Amino acid sequence: MAAELHVELVAADRQVWSGEATLVVARTTSGDIGVMPGHQPLLGVLESGPVTIRTSDGGTVVAAVHGGFISFADDKLSLLAEIAELSDEIDVQRAERELERAKAEGDAFAERRAEVRLRAATTH
Amino acid sequence: MGAQLRVYKRRIRSVTATKKITKAMEMIAASRVVKAQRKVAASTPYAQELTRAVTAVGTGSNTKHPLTTEAENPARAAVLLLTSDRGLAGAFNSNAIKAAEQLTERLEREGKQVDTYIVGRRGVAHYNFRERKVSESWTGFTDEPTYADAKKVAAPLIEAIEKDTAEGGVDELHIVFTEFVSMMTQTALDARLLPLRLDEVAQEAKPQGEILPLYDFEPSAEDVLDALLPRYVESRIYNALLQSAASKHAATRRAMKSATDNAGELINTLSRLANAARQAEITQEISEIVGGASALADATAGSDR
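For the protein sequence lines, the chains are A and B, in the order given.
Numbered by my numbering, the letters in the first sequence go through residues 267 to 390 in order.
Numbered by my numbering, the letters in the second sequence go through residues 23 to 327 in order.
Chain B on its own, in the form it takes in the complex (with noise of 0.2 Å):
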């Protein structure tokens, strides 16, 4: 075998073996894809269900809360931003940091200190690489959150807003997360969450307008608040959580489909390469046979004389 020969076909075994691999991680991402939308779907109803909640008590008393109540004068703001943990995602985790870089500038703008808080190690790679200061940071569950890995998220920044601004609390959250729209279209997008529009939530509860009972508290409208919307900002990040672990998902088994059809037509163009080259060995060499073969008659042929 020709050398050229040799070389085409050891790059084809390599790309065979890089395709292979690709097509396992393509099938891994898929099944994940069904099992996290899975669980988006398995929230919804605890999410809606405290929806109404949060609606009844804003609708049905005056109650004033510290996760309600605009700042006049917002100086510090909180960004979420949610990465996941393991890149191979193609533009997934680019796309949300660009999303929290824009939200973070122009929060600045508007004249506000922005603290920001990191899920996921990407993201957490990509500040540290920058020198740029993350207030706190989680990894290691970004693939299958759970809602003990939400409430932890949670706690630090519920705590935060309820602080005063002048002894290091915030005024506003703002999460930025991954929308999953359909297994092909993926959106990062930032939205205000704290303090909470309770209007903007009643639309959410009741777009045909139906009219909410007059609710008796138990024990009081106060505590009842209290109690709920801690538990309806942590559901809101757990549904952002799981949503991003969907769309990280769908957009590793893009990334890998599209790594398993390049290797495929490379593998294609190297197969004909390697047959040009075996035709032109084997071309090479018949003609050096009959080209020996007539040097050979000729030769015969003149001692002959």
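Only chain A is shown next, with the shape it has when bound in the complex (with noise of 0.2 Å):
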């Protein structure tokens, strides 16, 4: 396919990752969304979870996102996230040690950051 979406993942502090795509699926509060070049102008916000990147040549990035926006118009794409990592930026030891530690506190908040590390993380 010849069109593809331009993506930029931003998080707080840094540019995550920013490229072509043809399609990114991320997770919003009303369920798991598919942006395809063309979609319709949206505006939605992204619960913590693993956001997939399909890249133009192929490849698949995926990230932890927690908390943020999804925006896109003009195949113009962007995910604005408080925190965001790349799967291979990721710890996969320091996240089962954090997931261990939140299920030991009960902070159910940690817990879910972890395991959403870890599902990016392991999904690559």
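Honestly, the hints are just simulated from the structure, not real lab data.
Quick caveat, the model's predicted, so the values are computed rather than measured.
Incorrect hints may have been included.
What the hints assert, rightly or not - In silico DSSO-like cross-links for lysine-lysine, where the CA-CA straight-line distance does not exceed 27 Å:
(1) K173/B to K369/A
(2) K174/B to K185/B
(3) K369/A to K174/B
What the hints assert, rightly or not - For the chain A half of the interface with chain B, some residues (derived, Cβ under 8 Å), not all of them:
(4) V276
(5) A278
(6) D279
(7) R280
(8) Q281
(9) T294
(10) G304
(11) P307
(12) L308
(13) S337
(14) A339
(15) D340
(16) S344
(17) L346
(18) E348
(19) L352
Glycine included, C-beta positions come from ideal geometry on N, C-alpha and C.
Each chain sits in its own coordinate frame; assemble them with the hints.
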């Protein structure tokens, strides 16, 4: 497919990833959403979850995103997140440790964060 | 060595040691300015996209939100003052504090009660010394603020603005910070953060009059705005924190540079004085020797006769 969309994945303190893609799948508060080129302008609230970007050269980029927004217009898609990490940046062992700790302390948010990180890192 | 010369030598030694310290501090501050500037630049994409999104919701729907509605009779305002934890930065902190005091005075003239929130040990110390009330204060991160710090600062402020004025909430939020204009210029300024004027935000986002598309909101415009506005406030506070940090380092660099220059000048003057003292001492010694010798010669000449 010739059509592609330009994706900017930005965290509060840095630009995490930017490039061309053919499909972006993200989780909004009302469910998973897939955005392809030519989608209607969209502005949504993201849940903590993995974001999958299918790049135009056939590769896949997976990122763990915690809270933020997705906005799409004119074949430009921006993913804004307070915290965002690419799957190869995630330290699996550290995330596992975090998960253990969060479970022990009953911290639901931290547990969810660690789970998302692990899922993003392992589905790569 | 004469007493005077020794005193000069000692002072030169001590000023040289001070100069080394100020020179080191200048260099540290210079490297931190660059780092802080880089952080400001790194946070810009997020802030820009967020501003765009806020504009999109603001113009694309008629949603009302406590963070965008002007109170009819604003009775209470919050002032967030950003200072630094450490001094040695010239007039950096006193300028910020002065700006906050002017703003407070203006708000009080308008009949509003002012709650003060402070970031940075310097500002806290200033207010505590004068026994003024501080609603809340944060210290310990002003040199290198992170986004988590900005969230920590923003949370009670957003909570206060969402509360009713009768229950101790505020109607307006002002922020006083030091804008980083350039390496040489930093200006303390105040800005009204809340309630948000959506039209102003819109102007900031698209100065070329670009038309924003009609967005689909997921799940709904209200929910998006609900989630978006606190993030926007956080990102503005984060940006202000970063600019203040950069300004503080630039101010420190300048203050330390002039301290180093002054120390160099002082060393020069003292060396001149020390040289003069040494020369005077030598001259005195010579004249004493000559005097002594001629006295001796006179004495021997007298006994010969």
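Against the structure, the hints come out as follows:
1. K173/B to K369/A: Holds, because 24 Å separates the two Cα atoms, which is no more than 27 Å.
2. K174/B to K185/B: Answer holds: K174/B to K185/B is near 18 Å, not above 27 Å.
3. K369/A to K174/B: Roughly 24 Å between the alpha carbons, so the hint for K369/A and K174/B holds.
4. V276: 5 Å, holds
5. A278: 4 Å, holds
6. D279: Nearest chain B Cβ about 5 Å off; hint holds.
7. R280: 5 Å, holds
8. Q281: Where the cut-off is 8 Å and the nearest Cβ of chain B is about 5 Å from Q281/A, the hint holds.
9. T294: Since chain B brings a Cβ to about 5 Å from T294/A, closer than 8 Å, the hint holds.
10. G304: Not OK, violated: G304/A not within 8 Å of chain B, min 13 Å.
11. P307: At 4 Å from the nearest chain B Cβ, P307/A passes the 8 Å test, so the hint holds.
12. L308: 5 Å, holds
13. S337: 5 Å, holds
14. A339: 5 Å, holds
15. D340: Given a least distance of 7 Å, the restraint on D340/A holds.
16. S344: 5 Å, holds
17. L346: Nearest chain B Cβ about 5 Å off; hint holds.
18. E348: Holds, because the Cβ-Cβ distance from E348/A to chain B comes to roughly 6 Å (cut-off 8 Å).
19. L352: 16 Å, violated
Comparing the model with each earlier hint shows violations of hints 10 and 19; every other hint is respected.
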